[in-house]
Each structure stands twice: as structure tokens, then as C-alpha cells.
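Could you put together the complete structure from these sequences and hints?
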Amino acid sequence: MKKKLDFKNFSIYFDQYLFIAITLLSVMGLFFLYSASQEDISTVAKQAIFVGFGLLLMFVVSQPDPDFYNTFSGLFLIFSLVLIFLTMIFGKEINGAKRWLDLGFFTLQSSEIIKISLPIFLSSYLYNKPLPISTRHTFITLILIGFIFALVARQPDLGTSLVVFMSGGYVLFLAGLSWRFIGSAIALFLLSLPFLWNNFLEPFQQQRVLTYLNPDADPYGTAWNITQSKIAIGSGGINGKGYQEGSQAHLDFLPETETDFIFAVIAEEFGFIGVCILLSVFFFILLRCLYLAFNARDRFCRLTIGGLSLVFASTLFINLAMVIGVVPVVGMPLPFISKGGSSLLSFYIAFGIIISMATHKKLMQR
Amino acid sequence: MIDLNERFIEKRSFFNRLLLIYFFFGALFLFLLFKTYSLQVSSYSDYELAALKNKTKEVLVQPVRGVIYDRNGNILVNNVPTYDLIIQPSKIKNLDDFIINISKIIELSDSEIENINKNFKRRATYNRELTIKKDLSKEEIAKFEVRSYQFKNAFIDVRYSRENKYPYLFSHALGYVGGVSNDKVLSILKNQDLKQSETTFKYSGGFIAGKTGLENIYDSALRGSFGKKLFEVDATGRLLKELSFEKPINGKSLFTHLDLNSQKKAFEQMNNRRGAVVALELKSGSIVTYLSTPSFNVNGLSNGMSSVEFEKLINDVDKPFFDRAGQGRYSPASTIKPAIALFGIKEKIVDWNFTLKDPGFFVLPEDQRIYRGWKKGGHGTIDMKGAIIESSNTFFFSLAYKADINNLISHLSEFGFGRNVCKDCFNPDSGLLPTPEWKMNNLNFGWFKGDTVNLGVGQGYMSATPVQLAYYSAFLAKKGNLQELSFVESDSISNTAFINNLSIDNSDWDQIHSSMIGVIEDPRGTAKRLKPLKSYVVAAKSGTVELVSTETKEDYKLVRQNIGNRDHAIIVAFGPMPDPEYAVSVVIENGESGGSVAGPVAIAVLNELINK
Chain A
2 MKKKLDFKNF SIYFDQYLFI AITLLSVMGL FFLYSASQED ISTVAKQAIF
52 VGFGLLLMFV VSQPDPDFYN TFSGLFLIFS LVLIFLTMIF GKEINGAKRW
102 LDLGFFTLQS SEIIKISLPI FLSSYLYNKP LPISTRHTFI TLILIGFIFA
152 LVARQPDLGT SLVVFMSGGY VLFLAGLSWR FIGSAIALFL LSLPFLWNNF
202 LEPFQQQRVL TYLNPDADPY GTAWNITQSK IAIGSGGING KGYQEGSQAH
252 LDFLPETETD FIFAVIAEEF GFIGVCILLS VFFFILLRCL YLAFNARDRF
302 CRLTIGGLSL VFASTLFINL AMVIGVVPVV GMPLPFISKG GSSLLSFYIA
352 FGIIISMATH KKLMQR
Chain B
399 MIDLNERFIE KRSFFNRLLL IYFFFGALFL FLLFKTYSLQ VSSYSDYELA
449 ALKNKTKEVL VQPVRGVIYD RNGNILVNNV PTYDLIIQPS KIKNLDDFII
499 NISKIIELSD SEIENINKNF KRRATYNREL TIKKDLSKEE IAKFEVRSYQ
549 FKNAFIDVRY SRENKYPYLF SHALGYVGGV SNDKVLSILK NQDLKQSETT
599 FKYSGGFIAG KTGLENIYDS ALRGSFGKKL FEVDATGRLL KELSFEKPIN
649 GKSLFTHLDL NSQKKAFEQM NNRRGAVVAL ELKSGSIVTY LSTPSFNVNG
699 LSNGMSSVEF EKLINDVDKP FFDRAGQGRY SPASTIKPAI ALFGIKEKIV
749 DWNFTLKDPG FFVLPEDQRI YRGWKKGGHG TIDMKGAIIE SSNTFFFSLA
799 YKADINNLIS HLSEFGFGRN VCKDCFNPDS GLLPTPEWKM NNLNFGWFKG
849 DTVNLGVGQG YMSATPVQLA YYSAFLAKKG NLQELSFVES DSISNTAFIN
899 NLSIDNSDWD QIHSSMIGVI EDPRGTAKRL KPLKSYVVAA KSGTVELVST
949 ETKEDYKLVR QNIGNRDHAI IVAFGPMPDP EYAVSVVIEN GESGGSVAGP
999 VAIAVLNELI NK
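Those protein sequences? They're chains A and B, same order as listed. Residues 2 to 367, numbered by the numbering used here, are exactly what the first sequence covers, in order. Residues 399 to 1010, numbered by the numbering used here, are exactly what the second sequence covers, in order.
Hints may be right or wrong, so weigh each one.
Said to hold, decoys possible - Keeping only pairs whose Cα atoms sit at most 30 Å apart, straight-line, the calculated DSSO-like set for lysine-lysine is:
(1) B:LYS433 with B:LYS453
(2) B:LYS681 with B:LYS926
(3) B:LYS609 with B:LYS627
(4) B:LYS662 with B:LYS453
(5) B:LYS681 with A:LYS362
(6) B:LYS409 with A:LYS130
Simulated from the structure, these hints should not be mistaken for lab results. Because the structure is a prediction, the values reported are computed rather than measured.
This is the structure we're talking about:
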């Protein structure tokens, strides 16, 4: 349900379902993070500030009319690209990856911004193109997606670059990409897999994929993370071991408990019941997004809501599949739960824009 | 711009495509939920176990070995504590300050400080203890204990070393302990259903086990059972807290029949000559004296000796490591004669009234070969008793000549020859009781009649260990009623009389006893010099083992210039008669005379055992 509160000339745009669900997830996230960080109150406090700021940001971002985003989408994209270039030049290198831009008060992961600005830009670019999307527009779109994908992949950041690629791809697909094109693209992709493997994957990324395909080959190497994650989840059982009682998480067997593997901590401490409760909140958000997309006022809004909500869904499912051991380990947070600044804020922004797209109505529809 | 119709088509296309992706995600969602379900519910027990294994670590705790006693309750082998200063590195924040403070009380050498600095960080990381000074003096212990409140993270703990209180006396009998191979460690732990893991050692030598002697034979009883502590650990292997402690069960004490005093006496009497002394208590058939000389310091082997010392021992021409008592092979020589005599009686080849004229040699009818006795001109007309007392070779040559070799061998086997007679000796040798098959297989020659004749005086291929000779002596003393020997009273009660396959009349045994008494008591006896050395009656039979066969005394004088060619001296004895309590065998390599060289040692040991 969309609400439009009138205070004389002043309106507030707000979707209480998404707001409550996201706030609930964020608070649960803080609660989980306290245990996952080995009861480190400063980590939780920092995250709480992000959550508070993020909710505020979501609210602020949902106020402008979709036309505002439509008009300035090119500017947003250029701004995002500038950040990526700045990262390439001034970025902070951690573990061989150059993904972060140190702003003094905040370390920005610039690729997190572009996964929002790219789908908005593409929605803006494609919303008025006749169906099916012509070959020319398809190629222009694909070149842009490919270019940005390559930029992010070079950092290197396989996980985020895949999400960026998907974010563009979803919009293109939803906007009406011809089925014939999709068919030939899939065929082409399968054929070029070996080439991509050799030229685009860093050795450690290749290793991760190989490890995934044959985890027994190195129990204490790269497969260690997956193995320990599975043990954590499996040993949680139905009821879980209890809050702060997860031995896998608290005795350091589990890697990255605060970020990528926080789901394993939750599964260990709260069991299958906890997992079901958590996932139902996520599921609710996705269903709400579907509803909002169907009821959006125009094609631009539809495409934006669809694109952004699918970015959210992809991040969620890649993270879950990774932690459960179904796909190779790629850096991917659990939205609204994992510790992190940029990725967390980017989702608040994304949902702010979704709410904006969903709540602003035009009396006279085109 | 798109028109209304197109807008409608676009909207439908969008919905269809979004729904398509949502269905895909929905399927993925269910799949992931199913995978989670299978991890958490279907395979729960596997993963629960894996998590448990992850977070716990078993640390074994070594038991303390049992103490070994002699038959009078004297401690022979003990665990001697040393006091070590130990710290808990994970709890010490400033190591330099700590070293400065502790050095004010207990002096640390440069190498000790270097050792601390080298290991501190690692031990702190994994929360392990670190020994900073070994073997504190009493003064140091007292100084530390008074100020221990200043050092909450340091403590004194006991580490043991295995110490034989009489390091030269029981080197071969009790043996030594030492570090063992990894395979052995695994098999020892496997017996206890344990896996090899980190161990808290009670001994400074770490994982020790008996290598030789009784330490080896009774290793598992002496060792005890390992305890285990279960710790919670984190992923790096750091010990976090103790979850449970199953205490080790210390080894059982070993109560042996060994007699410290007789062992001391034997050692003193042997005076480092090469040889062996074995004495048995007849009632129980137990070993009370077990000595091989020259000996070595067994504690050096148990607790580490320098490689120079070790090389010296290994290369010593007298072979101190060699256990002559249990493994030395010697011809029984004339000591065999009582057994041959009993064979003659049993087979009715001779009786006690049979006499023979001894010209000093025996001529083998087959090839006219001459077998000489020790006395030129012979012993004259002699009966069997006399032949034992005077040790007439001719008498026993001719007796053996009439023997069937297979019957003779099975007869001698009853007396303990050619077989192991000890239940708990370490690596006992069985000596050699030669048979025609053995000769054919090993020497590629058929059995000659002359071989049988030689067997009649215990020369030739036959050999026996001092333990077998002692058994033989005891067998004679107990008239054939003797079980296997043992150092330790066995748990299983087997006091049933031993039944041998000999059918020898008691009167014949008595005759043998009186003949052997004559060896010492009779003026003609070969060991008559022993008579004044004691205050009771002893039965004995001496022997002289020829190493080089000589025709005349003059020839032997040449031969004996090389000490290694001199005859071995042997004696078997038992007493006091007529109700013997102890039997003894003594071998002295190159000692030349059984009666006058080995004899006094045997009598001294018997005196020690009997005159109490």
C-alpha cells in the first residue's frame, strides 16, 4: 500500500511494509552481529550508526519524484564512474584488491554505487524504446554493461562485478530484449567460457571455482571456508545452539563471521527455525517489490523497481548459495545483515528509490 | 513515444518477464531452503559431531611407571622426581619484566633465557606451558615458594626420571627404559583406544617404554594407562578451557623374586670378569640372582648418556651390553655328566655297581679315534659315582657310545637343554641341543657316533645358557619336579606338581645327589677346594669348557698364552643338602677351572642366600 500524506503543500512518500520489514531486518542484523563479532560492542555501535543513517537515507531518497531520477540518471552514472576511476587511482589496496576509496570518515566501495546507478540509467535509457528493443539499442546497452562489468572485475571484485552485470542485464531483459538475441547470447557465452576463464579470472578466483568443483582436494585450503560453514549450519540443527553459543563462530572456525558468512552464524545459533524466520522476512520484501513493480505508474518506474529489487534478490541468493556451499565463494554480503558500510547503505538507497518509484502517482497517466 | 496499445503490450511483456525471473528465484529459494534443511535436519548428527570434533582437543596425560622391588621389599627401580620451573606464557604480559624479576630469585643461564625467548610467543599463542628451568635445587625451590605470590603465572612441577638404584647390578635383569619409535607409540595407544595426540609427560624423557629386561617384559603393567584431558580449542588450536579430566592410572609395582644381597655378592665375586651367575630359589622356581658381567650403568641408557660413553660401551671388547646370563652360549662340559648318568640308569645301559677301567682315554671302535680324559693315565677302575666325583671322561664316553642319539636328546631336553626354560626372561636364547637333522641342515654332515660320544661329556655342538644351566641344576636338585623359571610370581595359580617324562626312581636321584655332594665333599672330588668355604653340604658338578682341543698339557700351555683361548670355567651347584633350597650356575669365560674358579663364586652366592 502506498501512502501519500498531505500536509498542506507538503507530502511524505512512504511504504510502511517495506519500511517495517527493512527496519526489522536491520535490527535483527545488529542483534546477530553482536554475536558474530564475538560480542564486540564497538562493531555493533558502528553498524547501528550505519543502520540509523541508512534508514534516514532511505526515507530521504524516497521523497523526490521519479522524474528527478529519470532526468539525472546520466549524471548519477557519470558520478559513479568517476568514483570508480578515482578508486583505480587512489584506491586502498587490501589483500591484493583495490576496491575502496578512503574518504577519511568513510571507506567507500565505489562498485556498490554503480550497481544502483546503472539499472536506473538503463531504465531511463530504455523506457521509451519500442518493443522489442532494437539491435542498435541492445548493443549500446550491452557495451555499457560490459564496460562497467570489466571496470569492476578489474579491481578485482568478481562478486560485485557479476551483480553489476546482472543489474544491467535484468533491466535490459525486462525492457523487452528479443528472445532471439537472448538465445544467441547464451550460446555465445557458453562458447566463450574458456576464454573468460583464462582472461578475466584472477588465479585466486580460479582457485575458488576449482575448489568449489572439488572441495576434498584441499580440506584446509580454500575449501576450509565452505567446509566450516557447512559444519556451522549443519550443527545448528532445528533449534540452533542458542544465541552466542555457536562454537564454530565463537572459536574462529568460521571465516568472515561478521560479513559474508554471517548467515552461517545465524543458522548455527538459531537453527532451521531461525533460518526460516529470517528468510521469510526477505521473501516478504521480494514479494512486496513484485507487487510494487506491477502497480508502478509508468514503464520507467517499473523497470527501476524490477531492476533494483532483482539486484537485491541476486545479492541475497548468491550469498546464501555461497554460504551453504552450492556456488563458489565470492565476496557477497547478506543484505541488511552483514557488517559493512557501502553495501549496506547502497541497499537503503536502492529501496529508497524503489519506494519513490512506487509511491509517486501521476493523476494523468500517459 | 509509444501508443496505448503498445503500452499495454509492453506492460504485459514486463509482467511476464518479471514473473519469469521471480519464478526462477522462487525455485532457487526453495532449493536453498531444501539444502539448509538437509544440512540442519537430515545430516544434523554428522555436522554436530564435526563441530564437536572441531572444538575439542584431547591431551593425553602420561602415567607414572610402577616401582620395581626385590623379594625383601628393597626398591630396585624408582621414579626420581626433579623439580622444574614452569610458566604460563599466555598469561604473562611483559616477558622482559618477568625474566628480570624471576632472575632475582632463580638464576637463569643465557641458554635458558634464549630458550624462553625462542618458545615464549608460540606457547603463549597456543596457551601451552613452558619449562624455563629444569631440576631446581632445594634452595631454589624454597626461594621460589616463599615468593610464589609474586609469580602467579609460574609454578614448580614434578618431572620424573627412571632410576635404577643399583645401576650396575641389575642392568641385564631389569633392563632400561627409553624413547620408542612412533609405530610403537601408536600401538601402545591403540591398546588403550587412544589416538596419538599432544601429551603431558610425567617423565623428562617423554614417551618412554621398557627396552630390555623386566622393564620390557612387564612394560604394559609397569606403564599404567594414559589419562586424558579434554580441552576446548579454537580454530588455531589454542587451548581455551579444560572440559574434563580422566586421570591416568599409574603403573603397577613389580614385586620380583630378585634378591639384592645375593646379586651384590655375585657382582662382587665376579669382579668384572666376563661371565654370568644365575641363582634360583627352588620352592618357587624363581630367579633370585641374575647377573651378567662386566656390566654397565643402566641409568645412563635410561636417562641419556653422551655419545662418547655410548660408543665406548658398544665397542668394548668385553661386550658389557651382552646378556651372558640369558644369551651367552656355553658348552655344558662335564656339568652334563649327572644327566648322562641318569640316562644310563634309565636306559639300563649301566647301574650303580657297574665299573669300568679308565686308561685315560676312550677309543672309538668304528675308526680307532681317541677321546681323551682330563687326567693323564686315567682314573683306574671306577664306578659311576666315582666317575661323577672325579669327572671321568672315559666312563661317560663309553656310556654315551652305547646310547641311542634320539633317546639321549629327548632325555636331555627334559633337563631344559635346547629350549626356553624361562617365562619372563628378555630375549632368552635356547642354546643348542644338536640332533642329526640339525647337523645335516646346518653343517651338511651326517651324524657320527663320535658326536654322540662327545655329547656324553657335554662337548661338541651342544651349548646352553647360564639360565639353562641354573634350570638344569635346580631340576637335578628337585628331582625333576620343576616348572619354568620366573622373576615374578605369576598371577595364575599353578602350584600343581610338574610332571616330567622321565621315569627315574627316587633312589637313583638320591645316588645322583650323593655323587654330586662327593664332587665337593669327597677327597677325590674335582671341587674339593670348596669344602671349607661353607658350613653346610652342597651338591655340585664342575666343568671346564675346552675352546681349543689339545692332546697334551704342554700343548694347552701354549694355547693358554692367548687369554681368549683359555678354557671356560663352569659350575652348577645346589644346597643345602639333603633338602636343597637354592640352585646356582656360574660361568666364567676363560676362567680355566670350573671347580676352583667358578666354584667359589657359586658358594659365595649360596652362602649369601642360605646363611640368613
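To see whether the hints hold, each was checked on the structure:
About 24 Å separates the Cα atoms of LYS433 (chain B) and LYS453 (chain B), which keeps this hinted pair within 30 Å; it holds. Taken as a hint, the LYS681 (chain B) and LYS926 (chain B) pair is honoured in the structure, with Cα atoms around 27 Å apart against an allowance of 30 Å. With a CA separation close to 28 Å, the supplied pair LYS609 (chain B) and LYS627 (chain B) stays within the 30 Å bound. For the given pair, LYS662 (chain B) sits about 56 Å from LYS453 (chain B) by alpha-carbon distance, which is inconsistent with the 30 Å threshold.
In summary, the hint linking LYS681 (chain B) to LYS362 (chain A) is not supported, as the alpha carbons are separated by about 115 Å, beyond the 30 Å threshold. Proposed proximity of LYS409 (chain B) and LYS130 (chain A) is supported: the alpha carbons are some 13 Å apart, at most 30 Å.
Figure legend: structure checked against the earlier numbered hints; hints not met, in rising order: 4 and 5.
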